[in-house]
Amino acid sequence: MRPLQKRTYRDSRGKIVAEELLSGYTGVVQADGLQSYGSGNYENAGCWAHARRKFVDSIPEGDTACPSAQIVALIDKVAEFEREAKKAGYTGEKILEMRQKKIMPLLDQVYEIIENLRPGKGTHLYTAVTYARNQKDKLYLFLSNAEVEMTNNLAERTVKPYVINRKNFLFSDTEKGADASAAVMSIIETAKRNKLDVYGYLLHLLTVLPEWGDAPTDEQIKSVMPWSMALPAYCKQTYSEIQ
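Letter 212 of the sequence shown, counting from 1, is numbered 1000 in my numbering, and no numbers are missing.
In case anyone wonders, no lab produced these hints; they're calculated from the structure.
Just so it is clear, the structure is predicted and the values come from calculations on it, not from any experiment.
So the derived label-pair ranges between C-beta atoms look like this: (1) Lys890 / Met1013: 34 to 44 Å; (2) Asp896 / Pro1004: 44 to 54 Å; (3) Glu935 / Leu894: 16 to 26 Å; (4) Lys948 / Pro1020: 26 to 36 Å; (5) Gly910 / Glu963: 36 to 46 Å.
No residue lacks a Cβ here, since even glycine has one placed at the ideal position from N, Cα and C.
Let the sequences and hints guide you as you build the complete structure.
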């Protein structure tokens, strides 16, 4: 699976926008539970980091034995198994085996605790329990799909560079400017995910694209994709290697 990041500017996070952007997509959408992503011909995966955070917020200060603390401890054990699997380079088959044998029982314990809770409305615990109950099917999806992560932290991290940059350039004046910055950040972050030298890759693109004009061929486009074997060596070197 080739890593690719695409940023798109829209002035809303509503359902109509999600349906437009994901039209025809049949894979998996992993998000924080926003209802806008709830429809379509794709599977919805939940985020255990968001679920965990809500239970952390509901732990009374100094109380390490309350139900919320027990739930957080179980989720942390799950995360530890996931880290170990990633570090060991497990195959997809082995990941699924590990998740079924080690992780599912832990998550079942989480929901056993949740089902016995009757928190008052308006409390942090009520918010956490409601979120976990509503998201259960989505939160369990990663148990049956090795390509799905336990959390959507990867997506959250990919947004962070843009947020930092936005604070530096203080927003976009126009929609065209927002579209342009989204396109540039898509290229930069995809280059990073494919372990390219960003400066070298941008230099290569800015060298060859003007030569091809407004209608490059499919073969030309394929030759500059971040995973193309035709990329020059300086696109794949780090700054220290170039020096």
